[in-house]
Amino acid sequence: MQKIVDFLRFYGIAFLTVIALSHCKSNKEVVQPTSSIMVKNFQTDLTINYRLDKSGITDTFNNALTEIFKQNFDIPDYDIKMTLSNPQSASVEIEGSNILVVIPIQIYVEKKTFISKLSAHGNLEMSFTSAIDVDSLWNLSTSTKLAYHRWLEKPKLSILGMNIPIETIANTILSKSKTVIETSIDQSIKENFALKAKMRDNMKMFDQPIKLDDPIDAWLNINPTEFRISKVINKKISALGKIQMKGVTTFSSYKPVAKPVTSVLPKVFWSDQIPDSSVFRIVADIKTMDINKILKANLDGKTFTESGKSMTLSNIVTNCDYEKLRVVADVAGTVNGTIIFQGKPKYDSRTNEFYLTNIDISLKTKNIIHKAAAWIAEGKIRKELEKQLRFSINQTLREAQQSIDLQLKEFNTKYNIEMKIGIGSADIENFELKPGQIEAIVKSKFYLEIRIKDFSKFNNF
Numbered sequence: 003m004q005k006i007v008d009f010l011r012f013y014g015i016a017f018l019t020v021i022a023l024s025h026c027k028s029n030k031e032v033v034q035p036t037s038s039i040m041v042k043n044f045q046t047d048l049t050i051n052y053r054l055d056k057s058g059i060t061d062t063f064n065n066a067l068t069e070i071f072k073q074n075f076d077i078p079d080y081d082i083k084m085t086l087s088n089p090q091s092a093s094v095e096i097e098g099s100n101i102l103v104v105i106p107i108q109i110y111v112e113k114k115t116f117i118s119k120l121s122a123h124g125n126l127e128m129s130f131t132s133a134i135d136v137d138s139l140w141n142l143s144t145s146t147k148l149a150y151h152r153w154l155e156k157p158k159l160s161i162l163g164m165n166i167p168i169e170t171i172a173n174t175i176l177s178k179s180k181t182v183i184e185t186s187i188d189q190s191i192k193e194n195f196a197l198k199a200k201m202r203d204n205m206k207m208f209d210q211p212i213k214l215d216d217p218i219d220a221w222l223n224i225n226p227t228e229f230r231i232s233k234v235i236n237k238k239i240s241a242l243g244k245i246q247m248k249g250v251t252t253f254s255s256y257k258p259v260a261k262p263v264t265s266v267l268p269k270v271f272w273s274d275q276i277p278d279s280s281v282f283r284i285v286a287d288i289k290t291m292d293i294n295k296i297l298k299a300n301l302d303g304k305t306f307t308e309s310g311k312s313m314t315l316s317n318i319v320t321n322c323d324y325e326k327l328r329v330v331a332d333v334a335g336t337v338n339g340t341i342i343f344q345g346k347p348k349y350d351s352r353t354n355e356f357y358l359t360n361i362d363i364s365l366k367t368k369n370i371i372h373k374a375a376a377w378i379a380e381g382k383i384r385k386e387l388e389k390q391l392r393f394s395i396n397q398t399l400r401e402a403q404q405s406i407d408l409q410l411k412e413f414n415t416k417y418n419i420e421m422k423i424g425i426g427s428a429d430i431e432n433f434e435l436k437p438g439q440i441e442a443i444v445k446s447k448f449y450l451e452i453r454i455k456d457f458s459k460f461n462n463f
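Just so you know, we're using the numbering used here here: the sequence shown kicks off at 3 and counts up by one.
Simulated from the structure, these hints should not be mistaken for laboratory data.
For glycine and all other residues, C-beta sits at the position ideal for the given N, C-alpha and C.
Just so you know, not all the hints are guaranteed correct.
Said to hold, decoys possible - Restraint ranges, calculated between C-beta atoms of paired labels, are given here:
id, residue 1, residue 2, range
1, Thr-340, Thr-264, 52 to 60 Å
2, Ala-196, Thr-115, 45 to 53 Å
3, Glu-308, Val-250, 49 to 57 Å
4, Asn-43, Ser-351, 20 to 28 Å
5, Gln-45, Thr-305, 44 to 52 Å
6, Tyr-449, Lys-233, 18 to 26 Å
7, Tyr-256, Pro-277, 43 to 51 Å
8, Asn-396, Asn-360, 21 to 29 Å
Put together the whole structure using the sequences plus the hints.
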């Protein structure tokens, strides 16, 4: 779990970084934004879709069974020494909150008499069902019971023509072995799922607020309020399930007081209503100095020509107040002075783009501001500036997905797992202008899947 949270933290930071800086190429300084206190609270739903390889689950149980069969199964009442072994791999199925283990068992029975040492072999198949439950306080309980058994070959012993009561011996073998195996399976499950202690350790991640790097420039505090777990769905080669963390995510421009959550774990509940996708809301503090880098890289030194007239842009500066975004640039050519391009930012949810409306273009020459000439206000320069001030969130998503895919390749190799993150959508729920910055609330939906090949590594998360 901790590694997952660490990665999601990276995902959020990287995602916002791409939004604000994906096209930046210039280091020219512009007007800095003024500081302000910001506190935003959001409901966050993180869903982990996990896929357990049944081969790994089977290996884990077979290793546990190997230890079980090292025990002594002698029957003193009949002066019989007995050993058990599993000649073939046990089969394991998981469905809902139950684990079904079918174990083929080979029995070797030995009895010494005053005449000779007698021995016999037998084969038995035993099927155990383990019911797993987790209460709201993360206490895990298991109850393993013998579901059925069948003798494939009963052991036979005879002494001087007299048969030892094999049915009684068989029942004694069954009674003793089933009790030992039931107890051992319960213990093995609890050891592989040290659930409460592991969750308490994982929650340490949320005890302290996290300082986010630029361009977010804020503190992130995640307060899990509850967890939900689904029943497992049994497939041919995998067992599928979901874990959902519901909580409150707080972004603030100052470091909040730490509220440790490890002392009392968030409650956990069984649920069959867990969605496939996660919903994560984040605050994007997009500074106009970063927008300015994009415009400068694309427009600085560019010459526009129309109807025999021309003008070249330089010294581009972008800023905003509480209402409008402004682009100011020096112009030289047919006219000389300063051009001012301003408008109100809008968000188009259909195209998932930012753009400007009510655009006004003015020229300042010899300290006099007047409306731009028609060849400027209605010509190529206007269209080009409008184009440059249209920012596509969808394009950013594609770039973010490529970046995540590259990071995951290294992450999966390092931890020997398979994790997939697919960004489903991201849109702007709300945004507001402040001096020198645009503060936007980004709602991101994404799909997170983890494939666990080795059941014993489940506690690593």
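Results for each hint:
| no. | hint | verdict |
| --- | --- | --- |
| 1 | Thr-340 - Thr-264: 52 to 60 Å | holds (58 Å) |
| 2 | Ala-196 - Thr-115: 45 to 53 Å | holds (49 Å) |
| 3 | Glu-308 - Val-250: 49 to 57 Å | holds (54 Å) |
| 4 | Asn-43 - Ser-351: 20 to 28 Å | holds (23 Å) |
| 5 | Gln-45 - Thr-305: 44 to 52 Å | holds (51 Å) |
| 6 | Tyr-449 - Lys-233: 18 to 26 Å | holds (20 Å) |
| 7 | Tyr-256 - Pro-277: 43 to 51 Å | violated (33 Å) |
| 8 | Asn-396 - Asn-360: 21 to 29 Å | holds (25 Å) |
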